[in-house]
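Keeping their order, the protein sequence lines are chains A and B.
Position 7 (the first sequence) corresponds to 7 in the numbering used here; numbering is contiguous.
So the numbering used here is basically just the index in the second sequence, starting at one, shifted up by 174.
FYI, nobody ran anything at the bench for these hints, they're computed from the structure.
Nothing here was measured: the structure is a model prediction, and the numbers come from that model.
Be aware that a few hints might be false.
A few chain A positions that, by computed beta-carbon distances, are all more than 10 Å from chain B [to be verified]:
| id | residue |
| --- | --- |
| 1 | Glu12 |
| 2 | Thr66 |
| 3 | Ser144 |
DSSO-like mimics (lysine-lysine), calculated; alpha carbons at most 30 Å apart, straight line [said to hold, decoys possible]:
| id | chain 1 | residue 1 | chain 2 | residue 2 |
| --- | --- | --- | --- | --- |
| 4 | A | Lys22 | B | Lys260 |
| 5 | A | Lys155 | B | Lys186 |
| 6 | A | Lys125 | A | Lys156 |
| 7 | B | Lys260 | A | Lys53 |
| 8 | A | Lys21 | B | Lys370 |
| 9 | A | Lys155 | B | Lys191 |
| 10 | A | Lys21 | B | Lys260 |
| 11 | A | Lys21 | A | Lys131 |
| 12 | A | Lys22 | B | Lys370 |
| 13 | B | Lys260 | B | Lys396 |
| 14 | A | Lys21 | A | Lys108 |
Each residue gets a CB set at the ideal place from its N, CA and C atoms; glycine is no exception.
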Amino acid sequence: MFPRGKKRDTNEEIIEQIILKKYNSYYRMAMSYVHNEADAADIVQEGAYKAIKSSDSLKHVEYAETWIYRIMMNEIYRRLDTKKIVSIDDEVSAELQIEDTYENIDLKRALDSMSAGEKAVIQLKYFEGLKLEEIAYVLGENLSTVKSRLYRGLKKLRCEMDNYVMKGDEHNAG
Amino acid sequence: MPDNNRILELYKEQYEKPVMNDKTVFEMKQRMKQGKEEKRSMKKQKVYKGCAIAAAVALAIMILPNTSKALASVMGDIPILGEFFKVITFRDYKYEDERNVADVVVPEVTIADNVDNIVAEEGKKTAEQINAEIRDITDKWVEEFKSIMEDEGYHNITIDYEVIATTEDYFTLKLICFKALGSGYEEHHFYTIDLKTGKKVELADLFKEGSDYKQIISENIKEQMREQMAADDAIRYWVDNTDFPEWNFKEITDDTSFYVNQNGEIVICFNEGEVGPAALGTVEFIIPKDVVADIIINE
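Let's have the full structure, built from the sequences with the hints guiding it.
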């Protein structure tokens, strides 16, 4: 498929093509953590830069897609570490009112009760279509950790949403 | 997990809303370019470490073209290109304010001064012709950029070049023009020079006289389009379209871009919107050697 060039050039080309195709996926993933357009764009830009720059270190080009996800996730986590999570949450509520026009604040609350890791597993699996093995690689965890996060995450989502329904009923009653 | 479906759908709906805007995508591309440049200079440092003379040579060359993509190719290909031809960065135009970014690098093909033979003579003419065309294109883009700078929104243009697909016989200068004025648009221009004659190569030059290369290549391209469309629902070309038959790709022309890749295969290039929806971007088709085996001129 990529007949020309040495292996290393091919690596760079393939990684570049994947990034150009999937940058919105990385952006969404970043947005789901930082809730801020400037920070999310910064994460994607930084991740894209690092992926290209270190493209030679990718040994098996067939894993390029998951490899880039891994770089992006590291960028996201790094950002979360440097910024206090609390302050990010403050920004969220301020920004939510502007950005989200429909009332999904309870979903938001459900998401906030999930750990960063649980969110990552659910989003990578259901929205980005990665296999559990790939997710384990992206997050640098073993498979059983990924599986238990997936179940915990799903459980939390469901619990919180049940609350959502109940609260809605109360409103109607009152 | 049927219960979770509804929840996940709501979650997904919200999750999928954010999209990057043109400005941040543009910045991302710039960062990727930076990554490439830094990677290459790192590599070079390794190669030349401990070898003072080689390092000095590398530095001297590095001063000429200042985009690394071109630099890398030019450096790699100096034994071939270097006899007469060099590609240098002729002019830069850079502008940046809050809403407007222009990063224009204009390449120029030059001939070594001290060479005096027919090929160099011919090469000089070719270079002048190509350089004039490139200047026209880049001037037009910069003019357009300047004329809309005051308008609302973000405006970005990037022009860069690459020396690609160098074989023993040819080298191709690829001019890459990208603009994001509202939506993104990219176009490529290709200039191929025959290193043995110094002349600019047209597609027709590669084939035996009187051969029907346009039709043979076009049929192969259509075949490739059909194959790609069958393999991937997301890909759409204008071929076999019964609703708008007038849009359909019919045949390549004298103006159709091409180059010869390192395997000696002819690559046909189309700009956005030429053979499919603009969203498809610029597309290239590698024409297998056996398709043109009977009509190509063998060196």
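Hint check results:
1. Glu12: Since the minimum Cβ distance to chain B is about 7 Å, Glu12(A) lies within 10 Å and the statement is violated.
2. Thr66: holds (19 Å)
3. Ser144: holds (20 Å)
4. Lys22(A) / Lys260(B): violated (36 Å)
5. Lys155(A) / Lys186(B): Holds. Lys155(A) to Lys186(B) sits at ~16 Å (cutoff 30 Å).
6. Lys125(A) / Lys156(A): holds (16 Å)
7. Lys260(B) / Lys53(A): holds (27 Å)
8. Lys21(A) / Lys370(B): Given pair Lys21(A), Lys370(B) is violated - Cα atoms ~39 Å apart, limit 30 Å.
9. Lys155(A) / Lys191(B): holds (24 Å)
10. Lys21(A) / Lys260(B): violated (34 Å)
11. Lys21(A) / Lys131(A): holds (19 Å)
12. Lys22(A) / Lys370(B): violated (43 Å)
13. Lys260(B) / Lys396(B): It is violated: about 36 Å lies between the C-alpha atoms, which goes past 30 Å.
14. Lys21(A) / Lys108(A): Holds - the C-alpha atoms of Lys108(A) and Lys21(A) are around 28 Å apart, at most 30 Å.
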